[in-house]
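Chains as they are written, first to last, in the numbering used here: chain S, 1 to 194; chain L, 1 to 194; chain Y, 1 to 194; chain P, 1 to 194.
Be aware that a few hints might be false.
One copy or two, it doesn't matter: identical chains are merged, so the pair holds either way.
[To be verified] Simulated pairs of lysine-lysine, DSS-like, Cα-Cα distance not exceeding 30 angstroms:
#1 Lys65 / Lys55
#2 Lys55 / Lys82
#3 Lys26 / Lys55
#4 Lys26 / Lys82
#5 Lys26 / Lys65
#6 Lys26 / Lys67
#7 Lys67 / Lys82
#8 Lys76 / Lys26
#9 Lys65 / Lys76
Worth flagging that the hints you see were computed from the coordinates, not collected in a lab. Quick caveat, the model's predicted, so the values are computed rather than measured.
Protein chains: 4
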Amino acid sequence: MSNTLKDNSQDRRAQILDAAIVCFAKQGFHLTSMHDISAQAGISVGLIYRYFENKEALVNALYQKHKGALTALVLKDFPVDKPARQMVHVLWTRLADYAREQPRAFAFLELHHHADYLDAQSQAVETRIVDLACRFLQAAQARGEVKPYPPMLLIAVLHGAFVGMLRKAWEGLLELTPETSAQAEQCAWEAIRA
Amino acid sequence: MSNTLKDNSQDRRAQILDAAIVCFAKQGFHLTSMHDISAQAGISVGLIYRYFENKEALVNALYQKHKGALTALVLKDFPVDKPARQMVHVLWTRLADYAREQPRAFAFLELHHHADYLDAQSQAVETRIVDLACRFLQAAQARGEVKPYPPMLLIAVLHGAFVGMLRKAWEGLLELTPETSAQAEQCAWEAIRA
Amino acid sequence: MSNTLKDNSQDRRAQILDAAIVCFAKQGFHLTSMHDISAQAGISVGLIYRYFENKEALVNALYQKHKGALTALVLKDFPVDKPARQMVHVLWTRLADYAREQPRAFAFLELHHHADYLDAQSQAVETRIVDLACRFLQAAQARGEVKPYPPMLLIAVLHGAFVGMLRKAWEGLLELTPETSAQAEQCAWEAIRA
Amino acid sequence: MSNTLKDNSQDRRAQILDAAIVCFAKQGFHLTSMHDISAQAGISVGLIYRYFENKEALVNALYQKHKGALTALVLKDFPVDKPARQMVHVLWTRLADYAREQPRAFAFLELHHHADYLDAQSQAVETRIVDLACRFLQAAQARGEVKPYPPMLLIAVLHGAFVGMLRKAWEGLLELTPETSAQAEQCAWEAIRA
DNA sequence: CATGAATGAGTTTTCATTCAT
DNA sequence: TATGAATGAAAACTCATTCAT
Numbered sequence: 001m002s003n004t005l006k007d008n009s010q011d012r013r014a015q016i017l018d019a020a021i022v023c024f025a026k027q028g029f030h031l032t033s034m035h036d037i038s039a040q041a042g043i044s045v046g047l048i049y050r051y052f053e054n055k056e057a058l059v060n061a062l063y064q065k066h067k068g069a070l071t072a073l074v075l076k077d078f079p080v081d082k083p084a085r086q087m088v089h090v091l092w093t094r095l096a097d098y099a100r101e102q103p104r105a106f107a108f109l110e111l112h113h114h115a116d117y118l119d120a121q122s123q124a125v126e127t128r129i130v131d132l133a134c135r136f137l138q139a140a141q142a143r144g145e146v147k148p149y150p151p152m153l154l155i156a157v158l159h160g161a162f163v164g165m166l167r168k169a170w171e172g173l174l175e176l177t178p179e180t181s182a183q184a185e186q187c188a189w190e191a192i193r194a
Numbered sequence: 001m002s003n004t005l006k007d008n009s010q011d012r013r014a015q016i017l018d019a020a021i022v023c024f025a026k027q028g029f030h031l032t033s034m035h036d037i038s039a040q041a042g043i044s045v046g047l048i049y050r051y052f053e054n055k056e057a058l059v060n061a062l063y064q065k066h067k068g069a070l071t072a073l074v075l076k077d078f079p080v081d082k083p084a085r086q087m088v089h090v091l092w093t094r095l096a097d098y099a100r101e102q103p104r105a106f107a108f109l110e111l112h113h114h115a116d117y118l119d120a121q122s123q124a125v126e127t128r129i130v131d132l133a134c135r136f137l138q139a140a141q142a143r144g145e146v147k148p149y150p151p152m153l154l155i156a157v158l159h160g161a162f163v164g165m166l167r168k169a170w171e172g173l174l175e176l177t178p179e180t181s182a183q184a185e186q187c188a189w190e191a192i193r194a
Numbered sequence: 001m002s003n004t005l006k007d008n009s010q011d012r013r014a015q016i017l018d019a020a021i022v023c024f025a026k027q028g029f030h031l032t033s034m035h036d037i038s039a040q041a042g043i044s045v046g047l048i049y050r051y052f053e054n055k056e057a058l059v060n061a062l063y064q065k066h067k068g069a070l071t072a073l074v075l076k077d078f079p080v081d082k083p084a085r086q087m088v089h090v091l092w093t094r095l096a097d098y099a100r101e102q103p104r105a106f107a108f109l110e111l112h113h114h115a116d117y118l119d120a121q122s123q124a125v126e127t128r129i130v131d132l133a134c135r136f137l138q139a140a141q142a143r144g145e146v147k148p149y150p151p152m153l154l155i156a157v158l159h160g161a162f163v164g165m166l167r168k169a170w171e172g173l174l175e176l177t178p179e180t181s182a183q184a185e186q187c188a189w190e191a192i193r194a
Numbered sequence: 001m002s003n004t005l006k007d008n009s010q011d012r013r014a015q016i017l018d019a020a021i022v023c024f025a026k027q028g029f030h031l032t033s034m035h036d037i038s039a040q041a042g043i044s045v046g047l048i049y050r051y052f053e054n055k056e057a058l059v060n061a062l063y064q065k066h067k068g069a070l071t072a073l074v075l076k077d078f079p080v081d082k083p084a085r086q087m088v089h090v091l092w093t094r095l096a097d098y099a100r101e102q103p104r105a106f107a108f109l110e111l112h113h114h115a116d117y118l119d120a121q122s123q124a125v126e127t128r129i130v131d132l133a134c135r136f137l138q139a140a141q142a143r144g145e146v147k148p149y150p151p152m153l154l155i156a157v158l159h160g161a162f163v164g165m166l167r168k169a170w171e172g173l174l175e176l177t178p179e180t181s182a183q184a185e186q187c188a189w190e191a192i193r194a
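Generate coordinates for the entire structure from the input sequences, incorporating the hints supplied.
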């Protein structure tokens, strides 16, 4: 195929990103050296720079990739016109699925504080999904299904509850089973329902 | 008096810790250099090492100091035998007061990910308060006031909701007023109530 | 014909050398990367190594090529048996023509300091022309036309004056016109004439 | 003394600058690593950065120091109102003295091409002395002592002749004695005299 | 007790050169 | 021939920590 090169190139990129997320999830951005990533990927340090301008560009590409994937996963056929309870259910289970299947990606996205190195584009990815969530919540408020509080507050509570659950699970303090996830979901729903 | 030395010593320690929290809250652990802290404190770098073994010991001392202070503040005359709703109210308002009055301490404690450098003792401080909270919740569960879910899950949701609220406020996406705080508290309560 | 290969080969060499001189004249040896040269030539990096052992061999080939070309140009039908004034005139105008027509080659040859990387052969090229000039000057001295100083000194003054003029022109401090060049030539002549 | 610290600091700076000029004169800017300089100075690499922001700041400080010293040396009690021949004599002998006594400084200043890294201030140092020389020459032209050519051209020829002489001496092609220097001076004078 | 100069290991980044395709 | 991905050594620069004063 004529696009073998392109494919190889994409493979390398993906390989580096995969290595990076292992390191970043485990140690965070600042404790991860470019050498760590190259070693994890089984390649030389210099090669990373053929694919990413620098460490910051790499972490931003990584953020955008996974935040984008998570967003897409959550929003795919999202039950926009269904009752809020069902939206919360879909949201929660999809987040939980993602956290279970891609624990490192989720850890990277939610466990660490990114403010240091995220660029405007990465921040925009986050902003976009928050805006979307706001609109859903406002619609639900209009239908009287959820509390008439600032939508951003409800998002904060929902998101915070989810992340709180995950953190305790990561710390080994909470066993994360379908049952506990469902219980947490119920909590989250009751937190915001009218 | 021999006490003068001790006092001066304590003053110095406090002075360094105060400088450190300014830096850590603003830039995080890894982006803060010992020189940053010494400059903020108006002393020399070397002097910090008379009071703290190394950077890690300093950050642990800082963590324990503020986590301890927060714990003490929250638990002071805590309405142990009152209804859960009231306990949540006291908890929430005390946390909110602390976050408002000691924004840097709260940012340091909750904004950053500490797993890298916290030692066993620091983790124990956290463990202690979580255990306490568990007991309160179990009592409330026994009284049928809160959901019969794993107490750790309820704690995760409560804590997560509070931190979520604060994060959005820090990001400038949410105005944190007594009213919004009260609304969030109501959410949190309904999240866990039976 | 087997010549086609040879010719292509020579073309490639020339193509690379042409690209190299653009880069070296602009940025100097150390700031020019092999990738810069390959990009300028529109070929791949690896290909350069089919024609030149390494970067140093390339710069030496380049030096010898242009120093040789300049030498040939200056010496072509040089008025060996004419009065020194006329020799200086021919020398000066040919140097000036070359500097005008091949500004990059001249910049490369005279603007930068080559001592770092020039090999024996490159230095020999320079030596050869200097020796030649010495002989001309000694003949002129024998005729009493130029000062009876060490010929090398007179060469140094002549060459230095020319390069000095060019440098100021490169720096934009001096407009280089036929008139100013002629004036400088007159200076140079009077510098060495008996 | 209360300024022991200041003095030590100045000593260190001077020590680093001294080491730097040895390296830069020998190898040029790009071939000299910060480690080379630290080794030459007998100190650690990191220490250089306490005294100079970075390599570029170091080379600029060095340039300004020596260009400034040379300028001061040349201009000290310069025979401004004396005949041009005498001015050329003073100029030439002082340059020659400096080149003999501070060969490395002179090599650094004149042998290498600085355009890459010199900052505005360093360039201003050079500009200032050239402007001054222009004024002297214009005055001499007004008195009919030197050729009525663009002053910058005369400067180029004078300066070029001197540097040309020095280069040949560095290359070992010319023995630089008081006599040859005087001869070159005579050449230089006749180059520009009316 | 207090300073801050000094160290050197560690980090990011570049680039000449090689080699499988 | 020709490519350009891959390597790894070396460079600039940082910073926690030490120690002479």
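Against the structure, the hints come out as follows:
Within a single copy, Lys65 and Lys55 get their C-alpha atoms as close as 15 angstroms, which meets the 30 angstroms cut-off; across copies the closest is 34 angstroms, which misses it. Proximity of Lys55 to Lys82 under the C-alpha cut-off of 30 angstroms is found in neither arrangement, the shortest distances being 43 angstroms within a copy and 53 angstroms between copies. For a Cα distance limit of 30 angstroms, the shortest separation of Lys26 from Lys55 qualifies both inside one copy, at 16 angstroms, and across copies, at 21 angstroms. Taking CA atoms no more than 30 angstroms apart as the test, Lys26 paired with Lys82 passes in neither setting, with 38 angstroms inside one copy and 42 angstroms between copies.
Proximity of Lys26 and Lys65 under a CA criterion of 30 angstroms is satisfied in both settings, with 18 angstroms inside one chain copy and 27 angstroms between copies. Taking identical chains as interchangeable, the C-alpha atoms of Lys26 and Lys67 lie at most 30 angstroms apart whether they share a chain (18 angstroms) or sit on different chains (24 angstroms). Taking the shortest Cα distances, Lys67 and Lys82 sit within 30 angstroms of each other inside one copy (25 angstroms), while across copies they are farther apart (43 angstroms). Proximity of Lys76 and Lys26 under a CA criterion of 30 angstroms is satisfied intra-copy only: 29 angstroms inside one chain copy versus 37 angstroms between copies.
When the C-alpha separation of Lys65 and Lys76 is checked against a cutoff of 30 angstroms, the pair qualifies only within one copy, where the shortest distance is 16 angstroms, while the shortest distance between copies is 46 angstroms.
Hints 2, 4, counting from the list given before, are not met by this structure.
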